[in-house]
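Convert by adding 107 to the 1-based position in the sequence shown; the result is the number in the working numbering.
Hints are computed from structural coordinates only; laboratory data are not their basis. Careful: at least some of the hints might be erroneous.
Taking lysine-lysine pairs in the DSS-like style, the calculated list, with each CA pair at most 27 Å apart, reads [as the list claims (entries may be wrong)]:
#: 1; residue 1: LYS189; residue 2: LYS118
#: 2; residue 1: LYS381; residue 2: LYS118
#: 3; residue 1: LYS115; residue 2: LYS351
#: 4; residue 1: LYS381; residue 2: LYS189
#: 5; residue 1: LYS332; residue 2: LYS351
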Amino acid sequence: MTISIDRKHLKYLAILAMVLDHISEIILIPGLKGEGQILMNLHLSVPVAELLKQMFIGIGSMTGAVMIFGVIEGYHYTKDAKKYLLRLILFGLLSQYPFYMAFKINLLNMMFSLALCLMTVHVHYRTSDVNIRIMLKILLLLANMYTDWSMLAVPFTLILLRAMDNRESIRGAHEPVNREQLLRELESRDIGYENDKKHYHGGLFSVSDKVNRNGRFLFDRGKLKAAWVCCILLCIVEDLLSGKTFPEAVLVNAGVIMAAVLITYFYDGTEGKKSKVSKYGFYLFYPIHLIVLTLIYQILR
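Starting from the given sequences, assemble the full structure and let the hints guide the process.
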């Protein structure tokens, strides 16, 4: 029996990982620093709290990786990229005060990071002038310095795009593609592909811009593996530069490794059962869970 996961459940896993990460950041870390009576009120010893903190932070790194992948994929499914971007910015604005109250850091929240990722994808596909494209990507990288997942969100996007963009290896990004001809062209390659020739297994349909909305997001599985390795190494290097030991850096990024495995080997590219909750729930859940966790922190103090 083949185990697979659809987009909705992948998103739910990312949300769960986010909650665990934020419990660690908002409640456990202050408790370990001796703020108030947090650990006592939770009936946690220091060793147990430290273990939970490490576990939750490690798992939590999964969220950013999954959401960035989802933005790249979402760009090719959305009917209106401008509305998608405005939605991210709107909820970013709504989430900024809860984000600041929760973490007390002078950065823009993850919604803005995802908005930068979406703009990066748009620039990658829509800017034909190479020099302008490079300049815009550099500006987006600089902007990422002032958002959550600082200097990781946009680099992740650029790295993953290389695994999903088949323009160079198959044909031009905006050149019309004959479906059957494309299928024959892909059959000999290690690209997610279903035998019924009706769908493409879990991948980005980037060969021709939004050609055949019934097709799934097409990616080169071999390139995707290499891209995830690069993303994981980027995270580890960043943590090493911040002073962590190699084992610590690997553990902190366990969630990124989990995301890479899930998406590469188990994600089937299907949307899952449609509902307004699954489509917009994350946008509302993001600021609400920050408010709730901040209130819990205040109570436990």
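Where does the structure disagree with the numbered hints, that is, which hint numbers, in rising order? 3
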